[in-house]
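Undergrad: Protein chains in written order, with our numbering: chain L, 1 to 331; chain H, 1 to 274.
If you are wondering where the hints come from, they were derived from the structure by calculation, not from laboratory data.
Just so you know, even glycine gets a beta-carbon here, dropped at the ideal spot from N, CA and C.
Wrong hints could be hidden among the right ones.
What the hints assert, rightly or not - Cut-off 20 Å, straight-line C-alpha distance, at most; resulting in silico cross-link-like pairs (EDC-like, lysine to aspartate or glutamate):
hint, chain 1, residue 1, chain 2, residue 2
1, H, Lys130, L, Glu76
2, H, Lys130, L, Asp165
3, H, Lys130, L, Asp97
Said to hold, decoys possible - Simulated DEER-style distance windows between Cβ atoms:
hint, chain 1, residue 1, chain 2, residue 2, range
4, L, Asp280, H, Val13, 37 to 43 Å
5, L, Arg93, H, Val12, 34 to 40 Å
6, L, Val296, H, Phe48, 36 to 42 Å
7, H, Gln138, L, Ser231, 56 to 62 Å
8, H, Leu70, L, Ala120, 39 to 45 Å
9, L, Gly258, H, Leu70, 26 to 32 Å
10, L, Arg93, H, Gln262, 46 to 52 Å
11, H, His160, L, Gly274, 27 to 33 Å
12, H, Leu253, L, Leu54, 32 to 38 Å
13, L, Asp280, H, Gln262, 44 to 50 Å
14, H, Gly53, L, Ala50, 47 to 53 Å
15, L, Leu54, H, Val13, 47 to 53 Å
16, L, Gly219, H, Gln262, 22 to 28 Å
17, L, Leu54, H, Gln8, 52 to 58 Å
What the hints assert, rightly or not - If you want the footprint, here are the derived chain H segments under chain L, 3+ residues with CB under 8 Å:
hint, region
18, 28-40
19, 198-204
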Amino acid sequence: MTDETAVLSPSAAAPERAAAEGGGRGRPGQVWRSRRYRWDLRWSPYAFVAPFFLFFAAFGLFPLLYTGWAALHQVELTDPDSMTWVGLRNFTRLWDDEFFWNALRNTVTIGLLSTVPQLAIALGVAHLLNYRLRGSAFFRVAVLTPYATSVAAATLVFVLLFGRDYGMINWVLSAVGFGAVDWQNGTFASQLAVSTIVIWRWTGYNALIYLAAMQAVPGELYESAALDGASRWQQFLHVTVPSLRPTILFTCVVSTIGATQLFGEPLLFNGGAGATGGSDHQFQTLGLYLYEQGWVNLHLGRASAIAWAMFLILLLIAGAARLLRGRGNSR
Amino acid sequence: MRSLRAGQLTYVVLGLFTAGSLFPLVWTAIAASRTNTRLAQTPPPFWFGGNLGRNLQIAWTDANMGTALLNTVIVAGTVTVGTVLFSTLAGFAFAKLRFRGRRMLMAMVVGTMLIPPQLSVVPLYMLIAKLSWTDRLQAVVLPSLVCAFGVFFMRQYLVHALPTELVEAARTDGASSLRVMWHVVFPAARPAMAVLGMLTFVMSWNDFFWPIVALTQNGSPTVQVALTGLGRGYIPDQSVIMAGALLGTLPLLVVFIVFGRQIVGGIMQGAVKG
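Okay, chain L solo, but in the shape it has when bound (with noise of 0.2 Å):
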């Protein structure tokens, strides 16, 4: 945090409190007035803040809570107010639960399908937005529309467009000499589908982060690269790319933690069959198992363990970034 010059110490307002302890001595409005500035000095930051710490106790902390205390029970959708105490039971049977690892694995290989290349497309996009363009602001925005879009209208459009028999992805593909591809039931082809509307989503919104980042690199740096006689795909890559380390490990850790998280594309890419990602589970997440389990069977506790196992796996990514980082910054 910078910049922390405080402004309303009580020494700004010792002229009015002089004022009203000397001359205004036997004068109980001016006394009063006094009394109430010093009180709204001292609560209204309070005040302020409040709102937001208010709701989020009510809405955040608490349910936060209360969420390891329902994984350790059996709690049924049908009467949440009757818990019975199970223990670790939530989470032991979820240990040897096949769907749950099978859900976790495919949240991992969605998860790599959809960031790395989201994000390497984004810092190409960002790359040659960077340059001085004609119509730069019509390009912005295009880019950006997708991001306008909501999960359920794009999912709708790509389960269209990777329609086995009609769609216009196996159309192009049967016409350029490939076969068609069943993208609702082969399991790498639907994570590939799936992958493919997270990437669409969000590669223009990375991509004006990154743009934000490389217009604060100084242009020395390229100057003097230049001198040196690298090109400028060198230049991208030694005076670019380093520059933009930590904005890239953002993007990483805020790509991730949507990863672990997705639930709409794999929910609605099935066609309205509901939660099982698909006839064998093969696009089921963490997020979409974490449905399934509390409001199709109704099992609110065990949701809350697949809540709580979704947490840790966060807080291991979160502490392998902190290690990566660590290492970048010794250097």
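Start from chain L and add chain H according to the hints.
TA: Same frame as chain L, but now just chain H:
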């Protein structure tokens, strides 16, 4: 900042990428203007047909799109107003006021950004079930009324954009905190409030996970929840589904065409300062 002029190849690649970004949206409109039979033929249609009006009408009645759109406007509007107001209040306090515990509280705000929403979804559901709020709009409005990112965003903006002397001067004139807020902070924060408002509106409009848990399709769904209902028909009519998708996306696209540059600027600004 470097300003190498772009070559032709740059335009070609960017043009292709832009086309890829826009194509699914254009194709939604094309598919929505065709019939289900036509969509079940190869090659797929590449240009508009004459069925748009009919499909929009069926989607409108089948998925109850009118109510859903109205609900979404209410939800996204309330969430936006609340988030912007509360974020500006807290952001100002964290940027310019000194009070006991502010560092710790600010660290808490940033920390909450890392908590995944799934972690609280079960108790949140139990909470709203207990209050009998399932299927009511307050179930999706109240939990999203404050936002840690918003507080962070406003703080970062106000630290630099609001001159400390200005607050000080108003203070020495004897202005109360509310007056300072109204006459000094809000005017200075207005550009950031606008950007935060647009980002919040887009996010709230597109929110999916919590609304589908808290609102069923029989009650008062938002557009996103209503859309999932369209696909579950006995014989799904794809052209009608696309018409529904179009209805759910169009309002935001209009917002985007009008305010696109500001939204882009806001995302880039948040990225550098964040």
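Undergrad: Now tell me, hint by hint, if it's right for this structure.
TA: Status of the hints after comparison with the structure:
1. A distance of roughly 14 Å separates the Cα atoms of lysine 130 of chain H and glutamate 76 of chain L; the hinted pair therefore holds under the 20 Å criterion.
2. Using a Cα cut-off of 20 Å, the hinted pair lysine 130 of chain H and aspartate 165 of chain L is violated, with the two alpha carbons roughly 47 Å apart.
3. As the CA atoms of lysine 130 of chain H and aspartate 97 of chain L are separated by approximately 31 Å, the hinted pair breaks the 20 Å bound.
4. Checked against the given bound of 37 to 43 Å, the beta carbons of aspartate 280 of chain L and valine 13 of chain H, roughly 38 Å apart, stay inside it.
5. For the pair arginine 93 of chain L and valine 12 of chain H, the beta carbons lie near 55 Å from each other, so the given range of 34 to 40 Å is not met.
6. At about 39 Å, the CB distance of valine 296 of chain L to phenylalanine 48 of chain H agrees with the hint of 36 to 42 Å.
7. A hinted range of 56 to 62 Å for the beta carbons of glutamine 138 of chain H and serine 231 of chain L is consistent with their spacing of about 59 Å.
8. For the pair leucine 70 of chain H and alanine 120 of chain L, the supplied restraint of 39 to 45 Å holds, since their beta-carbon distance comes to about 41 Å.
9. One distance hint, 26 to 32 Å for the beta-carbon pair glycine 258 of chain L and leucine 70 of chain H, holds here, with the actual separation near 30 Å.
10. The beta-carbon spacing between arginine 93 of chain L and glutamine 262 of chain H, approximately 50 Å, falls within the hinted interval of 46 to 52 Å.
11. Between histidine 160 of chain H and glycine 274 of chain L, the C-beta spacing of about 50 Å breaks the proposed range 27 to 33 Å.
12. The hint said 32 to 38 Å for the Cβ distance between leucine 253 of chain H and leucine 54 of chain L, and at roughly 36 Å that hint holds.
13. Checking the proposed 44 to 50 Å range against aspartate 280 of chain L and glutamine 262 of chain H shows it holds: the Cβ atoms sit about 46 Å from each other.
14. Here the CB-CB span from glycine 53 of chain H to alanine 50 of chain L is close to 51 Å, well matched to the stated 47 to 53 Å.
15. In this structure the supplied range 47 to 53 Å holds for leucine 54 of chain L paired with valine 13 of chain H, their Cβ-Cβ distance being about 50 Å.
16. With their beta carbons about 27 Å apart, glycine 219 of chain L and glutamine 262 of chain H fall inside the hinted range of 22 to 28 Å.
17. A hinted range of 52 to 58 Å for the beta carbons of leucine 54 of chain L and glutamine 8 of chain H is consistent with their spacing of about 57 Å.
18. Only residues whose beta carbon comes within less than 8 Å of a beta carbon in chain L count, and the region 28-40 of chain H has 4; three or more means the coverage holds.
19. By the rule of at least three residues with a Cβ nearer than 8 Å to a Cβ of chain L, the coverage given for the region 198-204 of chain H is violated, with 1 such residues.
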